[in-house]
Amino acid sequence: MAEVTVRKLNKMFDTTHVVKDVDLEIRDKEFVVFVGPSGCGKTTTLRMIAGLEAVTSGEILIDDTVVNEVPPMDRDIAMVFQNYALYPHMSVAGNMAFGLKMRKFAKDEIDKRIKRAAGILGIDELLHRKPRQLSGGQRQRVALGRAIVRDPKVFLFDEPLSNLDAKLRVQMRVELKKLHERLAVTSIYVTHDQVEAMTLGDRVVVMKDGWVQQVGEPLELYNTPANRFVAGFIGSPAMNFADVNVVDRGGTMWIENPGMNVRVPDHLQARMKPHAGKPATLGVRPEDLHIATDADPADLTFTGEIEVLEQLGSEILLDMRAGNSSVVASVEPTLRARVHDKIKLGMNPARMHFFDAATEAAI
Amino acid sequence: MAVTALGAGTARRPVVRLRKMEDERWLALALLAPTAILLGLFIAYPFAEGVMLSLSSARVGDPGKFVGLKNFFKLADDNIFWTSVWNTFWYTGVTTVFKLALGLWLAMLLNRHFRGKAIVRAFVLLPFIIPTVLSTFAWKWMFDPTFSVINWTLFKVGLISARINWLGDADLAMASIMVVNIWRGVPFFAISLLAGLQTISPELNEAAAIDGARPWNRFWYVTWPLLLPVTMVVMLFSVIQTFADFQLVYVMTGGGPANATHLFATYAYQIGIVSGLLSEGAAVSLAMFPFLFVIVVVQLLYIRRVETR
Amino acid sequence: MIEGAIWRRWVFSNLPLILFVVVLLFPFYWMIITTFRPDGELYRPWNAANNMPFWTNKPTLEHIYYLFEETNFARWMFNTMLIAAASTLISLFCGVLAGYALARLNFPWAGSLGTLIFITYLVPQTLLFIPLAEIIRDFRLGDTPWSLILTYPTFLIPFCTWLMMGYFKAIPKELEECARIDGASRLKAMIYIIIPVAVPGILSSGIIAFTLSWNEFIYALVFLSSPDQKTVAVGVTSELIRGDVFFWGSLMAGALLGSIPVAIVYSFFVEHYVSGLTGSVKG
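Residue numbers (our numbering), protein chains in the order written: chain A, 956 to 1318; chain B, 5 to 313; chain C, 3 to 285.
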């Protein structure tokens, strides 16, 4: 049982304000991922929750107790570090035992827990080795094991997979997910990789420049991004953006720019009205574009020229130029086309996003 | 077919110009020669000469003749020699413990972020940079029996009522010399250990903190074992330098009072140079060698063990 | 960093650090204040009522004048400078070449030679000074700067070699291989590619070697005898003490002025000095 609550959390390093008014409620057994570009304050927030950085202002609560002044050793948390931070002079078993020894556990209890954790992670064979004799993936497991044996209230992960190669990363990601389901411990996970965030998180916190941009379930972020930054950060390949002008044509909202002239979908008409005559940003994901057919209404299509054609097997990515903006579209692998072909693309009206050009907030 | 075979046989092979310096062995020989000559002439040769000298009856102006181990037997009966042997060990042991403890403490104090850290570090190292003889004179002046500023301070604070004759009493003189040695050695320990501390990832201490280790446990279970290899090397250098020390004692007491503070080196100087008994002086100097040898071997073995475990 | 309360930081960190700095620097302050204090104030008994040891209101240059007018101090400075510079250059030359050979070349006994260098690195000067004095006399080098210029490298070369080995090992092999493919001979690759890259290491070795030779005492004490051949350390020790009488003012002035060149060199290259010092203990 552990809930973590963060209220109006701020952190200043000298004069740099790196974490700004972060508010968050993490529920018991929840897996929350902090994601954002480097320098967005996600790691600092995690380290404040761990007690490794002092809080400048605001409060951190673990289970209704304010822990701002509680040293890390008394917070009953476990942390997996980016570089694993395995004690190089201790064996794998020694590394896992250390936290229990410090808490004065009995010898047989320590052995029991190490055995159990080693079983879960499949590292029974490695218990007597030193960290330097292990591969990257094995070190990662030991670092996890060290956290598991502690049976803590909260797990903290600081980009734990970033030092692994791509294949191992996918594999460990799956294992982490299974592990969380099995142990059901409140977990906070920091990463800069949006795929990790989407696949692992029950909820995802997107941060930028110290501000929380949006908190939500992965699909919520994907479907209804709160602003242009979240829209561009979540999803791969990234969302296309085009600078457009909103125009009122006899009570109906249209958007236009040199390459397109499109009618705003009905469900957004009302919300676009106040923006008439102002610039805005249109956002469409590559997977929400398709080769236009006769069935597509003319006011939801535009024409572009293929500049690069990336054949991925399961799909084709078209890098196109339409007017003054470049657009990426993900289309069926059956398409027969060549570079410099001109193609008409259709948009899915239900999945168009508009952002205020000035505030970048979703409209 | 035959034609092809013939063609292959007469294929042109480039004429390789003989370049001696492209051969790693010749190049190495050339690069090492100046070093070998200088070290051979002024280390190996003097060492052999020293052994010969210690087995002779040479003195200034008299080449002497071979006398076997007579000089060493004479030393075995020499009370002052045994005092200096004891002094050397006592001096080395006590100062090393203090230098390590204080140096480590200072290194930990410097291993933080604070304003002016670079300047503090530069100043801290000064005692180690400034020529030892010159800074030791400042200490000798501070310990002066009549004009001692240390006495003045202790008196003003109210700790003493009569003067302390720092360099006039055998034990006090030894203690004073030790203080100066520690003062000079702590910066070296601190800066070297600081470099060692900086190679230890802060993540390890953080992990230990989260694992529930208090500051003392973090030091004892994480920092200290990881620092041990560097510590041992620093100790090795320091122990040898201290064991063979000359300048401090020469300036502070000249071996006095009543020959009570001699070390190997100062006693060798006293006999060999001041009294001109070259052979006996060389014997005192050489007597240092087996001790040094054992110290070095033991420490190197220990360092190897620490580094490979 | 694991942070703590402000008062703890002061009690456990800042105060001890200040104490360390004060104790470590006090003797230098004492040198300076003594240098500029008139004799009348210097030789006041420690418990005299009017004793004010930490400050003087009547600073004087008489001790410094005495140094330059009554002794060969300027000459000693020059000697020390010359000897330190020459022996440093010789040691750098030998040490860089030897360090390169030991770190980069494959040849029989490379390992044992490296160990041998390390062992000579550990030989203290006081072990050999008596036979060395005999040899210096045999070579007719006694009482000349050459006696020191040639013997100081015995402890400087092993140090430079050892340090340079570390620096050379850290330079990627590809750099040199690329130069050799581009048409450089081994020797040229060393001179034009590897040595320039190792300049920081050479600077570090050079600065430390310079301070070490400036600091050397026993060889200078034993090998030199005439007053105008002496180095600062020996000159100050022998010429400013007459029997039991210490000329404290001039002694401290000599110590102060004799320390200044080293301090200046050090202050310009602190970072190099520290990296050299710590490199030498990493092995």
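For the record, the hints were derived by calculation from the structure and aren't laboratory data.
Please note: incorrect hints may appear among the correct ones.
In silico lysine-lysine, PhoX-like type, Cα no more than 25 Å apart, as pairs [to be verified]:
(1) A/Lys1132 x A/Lys1067
(2) A/Lys1056 x A/Lys1122
(3) A/Lys1122 x A/Lys1132
(4) C/Lys60 x B/Lys144
(5) A/Lys1085 x A/Lys1108
(6) B/Lys160 x C/Lys190
Pulled from the structure, derived: some chain A residues nowhere near chain B, Cβ distances all over 12 Å [stated by the list, open to error]:
(7) Thr960
(8) Tyr1039
(9) Gly1054
(10) Lys1067
(11) Asp1113
(12) Ala1231
Just so it is clear, CB atoms sit at the ideal spot from N, CA and C, and this is done for glycine as well.
message = Please list, smallest to largest, the hint numbers that this structure does not respect.
response = Numbers 2, 5, 6, 8, 9, 11, in rising order.
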